[in-house]
Amino acid sequence: MNVTTTILEIRGLKARIAEDGTEILKGVDLTVNAGEVHAIMGPNGSGKSTLAHVLSGREGYEVTDGTVLYKGKDLLSMPPEMRAREGVFLSFQYPVEIPGVANTYFLRMALNAVRKHRGLPEVDAMDFLSLVEEKAALVEMEDALLSRNVNEGFSGGEKKRNEIFQMAVLDPTLAILDETDSGLDIDALRVVASGVNSLRSPERAMLLITHYQRLLNYITPDVIHVLSGGRIVRSGDKSLALLLEEKGYGWLEEEAAVGAGTAS
Amino acid sequence: MSASAPATTLASALSEGTVSALERARAFGAREAATSPLFVQNLRRAGAEAFAKLGLPRPSDEEWRYTSVAALSRQLPAMADAGGAPAGRTASARSALASLGPIGVAGRSHHQLVFVNGRLDTELSRFDGLPAGVRFDALSRLFAAPPDLLERRLGLLRGHLTHPFVAMNAAFLLDGAFVHVPDGVVLAEPLLVVHVADGSAGPVASHPRVVLSLGENAQATVVEAYCGTGEAFVNPVTEIVLGAHAHLDHTTLQEESVEAYHVGTTEAHLGPGAQLFSHVLSVGGRLVRNELTVRLHGDGAGATLDGLFLARGEQHVDNHTLVDHARPHCGSQQYYKGILDGSARGAFDGKVIVRPAGAFTDAHQKNRNLLLSDTARIDAKPQLEIYNNDVKCTHGSATGRLDADALFYLRSRALSESQARSVLTLAFASEIVDRVPVAPLKAHLTDRVLGWLAGNASEAR
Ligand SMILES: Nc1ncnc2c1ncn2[C@@H]1O[C@H](COP(=O)(O)OP(=O)(O)OP(=O)(O)O)[C@@H](O)[C@H]1O
Ligand SMILES: [Mg+2]
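Protein sequences appear in the order of chains A and B. Numbered according to the working numbering, the first sequence terminates at residue 272, and the numbering increases by one at each position without gaps. Numbered according to the working numbering, the second sequence terminates at residue 1229, and the numbering increases by one at each position without gaps.
Watch out, some of these pointers could steer you wrong.
To be verified - Capping the alpha-carbon separation at 20 Å, the derived lysine to any residue pairs in SDA-like fashion look like this:
#	chain 1	residue 1	chain 2	residue 2
1	B	K1119	B	S1184
2	A	K124	B	E1185
3	A	K246	A	Y257
4	A	K124	B	S1186
5	B	K1134	A	P107
6	A	K124	B	S1184
7	B	K1210	A	A110
8	B	K1149	B	S1186
9	A	K81	A	Y257
10	B	K1210	A	G108
These are calculated hints, taken from the structure and not from any lab test. In this text the structure is predicted, and so the values were computed from the model without any measurement.
Given these sequences and hints, build the entire structure.
What follows is the structure, encoded as structure tokens:
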């Protein structure tokens, strides 16, 4: 019984900046199945974060074409909170500081919103506490950070840990990690990566946006995609990352340009 | 200049509201004379005379540039005087008090004075059990045999000669609270003074007076709470005198009905080393003016002035502060935050004066406002007037909306949009709420803010 469940199916996705109409995503195709980890690499400004934002429902973008199915449902018609309740989690490239809101207070609200959606009762205080302890240990997050305001005054690395910690508590089906490795020191990278690895499961799918082969030494992806100029221009196994490390993106961009030229 | 100009000015000064208020003040004074000591009668007369000269503030009045009292002036003649309102409204007072939640009458565990439409309600009040020498009583009960100190303190700050609403308050002086904590006495338990404005049987005007006096090294926490139903005009005056090194924590909580006009004037004089922590919290009212003057008249005195105002619909809230640094080594920190929704209007008009003698002043004034709708508006005018070079003063005001990135962050973590807005708005308010010293009051305020937000959401639906 080896039925593959498709978690995410993106077809011909085009999106632009609502404000000025600049097209960023120019036809993205991507299928991610349960249990898989896909890495997305690509030069600065190629649209990786834009893709993550469009998938999580951030305002400011207009989808002009294409479809996104999440577990067979139309993802793009859902408001952001509904996507989250359905199990989509975005680890932000730049986590937001929220003064005046305590980390665990907020996380408990989030968890209860997810649980309510799943028809589960609110988590009681003791259970929540032990869940928090368990997941904080996973990313070696200090207790002090738990009671502080969400990301307020956190160091870059602490913010990223907090993202993975939240992910572990909310137990998503599709995790989109936007440069979670950036800004981490070597030890933190190892910790965060092992946190991510421990969350790998046959039911879960992950999209890892990264610039560095280094992360992929710890988290072995099933597929690596290169997003360039708003399209996925190349997909391959983990050897692609090594090739990119060596040769950069230039050759792929040239290839893509040539390909596009012959096609038209 | 045409000859008719002075006549026009006079006519507008003695507008309908002013004239009728004056006539009524005289009748009121005559009626109450028999039961009042001479110094109270004199204060009423001085107030009535000053009010006749001053009239209600006009739009041209610099101190009232953000707030028009025209609607109030039209309503005034139709409002019954506090003294004329039927007594014994205990039942409706109880329900109004219940809205104050844990700080209301429920447990009656506090020392509290409850006034309904400006009159003491003895059934709801509790005065006993305070340390020897502490006075916590109603003015009306003290008028028969007034303590010397009351005579010395009542009207001491002389606002009734210069300020139209303080003058009106003096003219209609009927009742209120007298608090005195003698030298060296530290009161652990908060004193609660509640004013219920009950307009359920027709609009009522009341003019409560609160006189607070702390001796040297005395410490106290006093909460003035204003609640009620229906249309009312509430015109309280609070006079505070702090002796050397006294500490007063003073909260004014205003959550009257959205049909209420509330013009509150508080003035505090601080002796050497005295400390005042003031919290001015406004949720209710159709037109609210919170005026707070703090005179740092003793070396090394300090004041922390916190404010939080919430307004929606057609509400108008004006916070007007003046901190007077008259002596060296005094400090003041002002932090006022406003949250406005609907078509509400808010104002923060704050001034710090550093007199020539105010060397080594440390004065800071901060105002932050949150606009939750496109139609809400705030006028902010923080001002510094400095006549000494040896000072450290800062001031600033900023107005913004809920942070779109923070809203998205919360929604991406499964919180609904209204939940996310509530969380962020409460976070904005919490900086002020968290510094309220009385725990039940803090809890009540948090509920109030959340309830207010829920109300906004249902109003918008
Ligand atoms: N709100 C916006 N307004 C204007 N331009 C935007 C906006 N958001 C993204 N862009 C532009 O879209 C392009 C893609 O940005 P995006 O953040 O998706 O790139 P990225 O691939 O994540 O880059 P990086 O590797 O640097 O994180 C960039 O040129 C960026 O400037
Ligand atoms: Mg990016």
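Comparing the hints with the structure gives:
| no. | hint | result |
| --- | --- | --- |
| 1 | B:K1119 / B:S1184 | violated (41 Å) |
| 2 | A:K124 / B:E1185 | holds (16 Å) |
| 3 | A:K246 / A:Y257 | holds (16 Å) |
| 4 | A:K124 / B:S1186 | holds (16 Å) |
| 5 | B:K1134 / A:P107 | holds (17 Å) |
| 6 | A:K124 / B:S1184 | holds (12 Å) |
| 7 | B:K1210 / A:A110 | holds (17 Å) |
| 8 | B:K1149 / B:S1186 | violated (31 Å) |
| 9 | A:K81 / A:Y257 | violated (34 Å) |
| 10 | B:K1210 / A:G108 | holds (15 Å) |
Hints 1, 8 and 9 from the earlier list are contradicted by this structure; the remaining hints agree with it.
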